[in-house]
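From the two separate chains plus the hints, produce the assembled complex.
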Amino acid sequence: MVVLPTKPPRLRAGYRRVRPGQIAIHASLLLLSFLFLFPLVLLVSASLSSETDIYVLQEPSQILTAYAVTITVTAIGTAAGVLVMALLAYPLSRPDFSWRRPLSFVVFFTLLFSGGLVPLYILVTHYLQINNTLWALILPYLVMPWYVFLLRAYFAGLPRELIDAAKVDGAGEWRIFFQIVVPLSRPALATIALFCALTYWNDWYLALLFINNPALVPLQYLLYQISTNIQTLQTSSQAFGVTIPALSAQMAIAVLAIGPITLAFLAVQKHFVSGITLGGVKGD
Amino acid sequence: MNIPSLLGAKRSPVVSAIVLQRERWRLANANTKRDVALLMMMLPGLLVLFVFAYLPMFGIIIAFKDYRAYQGVLGSQWVGLKNFQYLFGTDDARRIVVNTLAMNALFIVSVLVVALAIALLLKEVQGSSRWLSKFYQSTLFFPYLFSYVIINYFVFALLNTSNGFVNHTLEAVGVHPVNWYQSAQSWPVILTLVTVWKNAGFWSIVYLAGIIAINPEYYEAATIDGASRWRQMWRITLPLLKPLIVINLLLSIGRIFYADFGLFYQVTRNAPELYPTTDVIDTYVYRTLTTIGDVGMASAAGTFQAVVGFFLVLFSNWLVRRTEPQSAIF
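For the protein sequence lines, the chains are A and B, in the order given.
So that you can map any letter, position 40 of the first sequence is 39 in numbering that gives the first Met the number 0, and since no number is skipped, the others follow by simple counting.
So that you can map any letter, position 80 of the second sequence is 79 in numbering that gives the first Met the number 0, and since no number is skipped, the others follow by simple counting.
Be a bit skeptical, because a hint or two may be false.
Stated by the list, open to error - Computed spacing ranges between beta-carbons, pair by pair: (1) A:K269 <-> B:N214: 40 to 48 Å; (2) B:Y85 <-> A:Q128: 25 to 33 Å; (3) A:A189 <-> B:L42: 38 to 46 Å; (4) B:Q184 <-> A:A26: 29 to 37 Å; (5) B:W229 <-> A:L262: 37 to 45 Å; (6) B:P271 <-> A:A23: 32 to 40 Å; (7) A:Q268 <-> B:T168: 31 to 39 Å; (8) B:S227 <-> A:A26: 18 to 26 Å.
Unchecked claim - Once the Cα atoms are required to be at most 20 Å apart in a straight line, the calculated EDC-like pairs of lysine to aspartate or glutamate come out as: (9) B:K81 <-> B:D65; (10) B:K81 <-> B:D293; (11) B:K133 <-> B:E123; (12) B:K241 <-> B:E323; (13) A:K166 <-> B:E22; (14) A:K166 <-> B:D91; (15) B:K241 <-> B:E123; (16) B:K32 <-> A:D168; (17) A:K166 <-> A:D95; (18) B:K32 <-> B:E22; (19) B:K81 <-> B:D91; (20) B:K241 <-> A:D163; (21) B:K241 <-> B:E272; (22) B:K32 <-> A:D163.
It should be emphasised that the hints constitute simulated quantities derived from the structure, not laboratory data.
Using N, Cα and C, we set each Cβ at its ideal position, and we do this for glycine too.
Next up, chain B with everything else stripped away, as it sits in the complex (with noise of 0.2 Å):
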């Protein structure tokens, strides 16, 4: 703003000068104003945030402390590592962190490698049949409507012992049924097709987006060059879709230390002899603080898991400012 020529030149220079201090004031007045309205605004999202996000982040002493209720957060005495100590003692700890991760791991790839398979079969058909690729689209979505109770009622009719529909079809085909809630090497494949069933048909919709994105001339001058669909999937749908996919990807390893607590823990149904394969560090927190009491282990547990989170997500925005400068989170 170019105050001084708004005054005109006719003024002596002392009282332009005091004339435009004035109009300072006026403009810093305004400023302020409007900073105030807006940070009112903010007040209540900004409350909600500091007691529900902000608070527990300095509960992560708890950690460092041997947590008795009745002296509370600040009054209980600090014991450094020792919760640390105790948890790390333990064959849990290798566990669940191994399940967190290698669980993860395979979900990330699975829910990938099918959604992208649906994208570009839904991409293929775009044209032909509006009716058809939104059934198709809706359908597949459906099943992240779902909470992981409700999921777990699924499983259970499929998979429970006595009458679940899997161990009815194996006997029909004369294999002997399993007891499913009590065979954990079997849950890694079980949980992953439950995961890729929940979540495959969102990416897959995160994904078409992507692909409808891409500029029809690439593929129109594709096709009168003679290039072959399966051509044309591999080198302009693929190549142009990956800076999405690879971003996607590092979000997912951003988050791989923690797991989906409703997934392992409804739809396990809880159960104990499934843990070698299912407990996870989710699952182990909130069993450790609720039902075996033990504050000092599962906020050990916890601020690990926080701690080391946090490493992740600035690891994974290091390496998409690397790949992708302009998709970095931060």
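So here's chain A without its partners, still in its complex pose (with noise of 0.2 Å):
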């Protein structure tokens, strides 16, 4: 009779045992759970008030106008910043890219130098006067280098074979990149795109340099009108006898600023995380 050697024991120490600082260390991340979120809840109760519907729909075309902008900017920033980026970085992945190095210190060069925002405001307002258009709010941030520099790591990553194999085959550079390059790098441009999304949707810093046309507000900075011209008619409102759209009317328009935001987090929150630990853990 043969006999079976029975399961070494487990040498793993607690293994499904329920220690109890586990129960310690979940009840504090919990609670920091809730002090995090708690702003958020505050500033949905606050807008849940009856004044609320009021004063946002005396203005519906002014949040619609703010909604376009906003939504323009980012589809068009998005789709052309991540291709104008992955093209940029593209090359620079290229071993036998014989300007690979002195073009890669171009770019990184920007992340250690810049003018500052005295000569870039003069350039866009004095000698490119594309202040008020849509372009002020889209090319400043077309090329971020650090994304560039995330692609350029990524693309250096996919395996050579395949666009020396593409070459043999009479495939030119573009055609390459287009059919080989992209579809695998899906993941990383994907992740890109994420954050440049958030970039433009989050922006009014733009907005407060190079627009005063109402046409072209996004809403971020229409967020931010009404909080400073809420807070001029609060000083004021005595002597004009003007009624102040009440705290939770400016909540309530928070709240669908971040609206959007918050659905496009749940529904690709692994992406974000990925996007993070691609950007922040370096070393390849």
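Structure (structure tokens):
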């Protein structure tokens, strides 16, 4: 009779045993999560009040215009940005590209040094004269060097044989890029697209600098204007007898702005986390 | 590529030299073609960088000129260091430099400590409940998604004088309510809390990824040897995480001269009463340029920031190179 050997005893102590420490850790993480969500809860509850709809309904066209501007800028900016950055990053990932090192430095140097606000402001308003156009909301963020380097690292990790084989078959560089590199890099491109979209959606800074035309005001900047207008209204209301839209009205509009982002985040959480670790842990 | 052997040895040396020469041309030609195609791909991106990054770099000459819009950047008069003399002759210069450095130092340390603590806690619950640890990560990361305009709304809902949550709570427990938007001394703490709230989740995911990358055998061996969780954290996790921590610290030190404009402009509602603690280089440059319209002073402050910032980045990279050579950025 053959005796089967019994399983060796498990060496990992504490396996499947709930340690008392664990409960304390869960409790502290839950508490922390609640603290982090608390301002949001406060905002949403403040917005759920009766005066809300009145104020929001007073200016629906303004809010709709702002939404349209934000959506346009985000869509064009993200699509163009990802394309331009990928096209910029890909040649830099090719070891056989003769200009690889000098051009990498050209991109890299912009991370080290920047002219700052004043020259940019004068350039855009005085020389390019694209203030009060959608260009001013899109172009300055189109190429973000940090993302270019993330993409370059990703492209460099793709199997070289595929590119060489396509070359032997007579494919040109553009064709190789669009038919081999882009489909293989979908996860990296998606992550970069996500972060670009977040940047454009959340941007108010470029509008603060370059936009006066009410028809071109993006959502975040409209929110900023509303909060400052209410501030001035509140200080002068006694004199003019103006009714001030309540705090709840402001909060309602803020909720309108964070709604889409929250939904998008819930849908693509995984990509965000992978994107962070892509950028945070460097070493390749 | 070994061209002569491909050609075979039967031909006369003269013929093979000619063939070799042709082959070289062909290759050089193919290389040029490839380089040109790849350069064309980069063209749009390089153009954007040239216009929006390199042209403004040359614009720092504005700081050395008496800029007049109708004369343009090149046509304006050179004034040497006069703009800098004016800038450093004011009390503002000292204030904005001190505020920028002090606030950023506060933020760097606080975010690091909180993010590390969260990452270590998350590591401990990794094995026990996937669902819960996902929930914690998402919740703690969530504030990172909000713009400072939205965060201003959050903070205002908490701090506004008449019906903010904090003052309500203070009144309820019998403490006198505080006029937060006029008490400058509270804002280093408030802005630190806001920064931690916004960024700690992001960085905790970065550190958690670093922790997960640690070889589990270390922990198994330590468990067999009877090391407690606490001891494992101090003797395994933190030492192995040190390179990542050091790099992130040094990178933030490289950026310490740049303040987060949105935080200081939006969250403080740009209240002049708060300037003593919250006026930083970036808000000063913005205000001097757009509200006051003093291009000379603004560009002097901006150029000062750019140059000092540049040397700080070089310095921090030099430090990285000394401590963790393989992690240096350049």
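Check your understanding: So which of the earlier hints does this model not fit?
Key -> Those not satisfied are hints 1, 3, 6, 14, 20 and 21.
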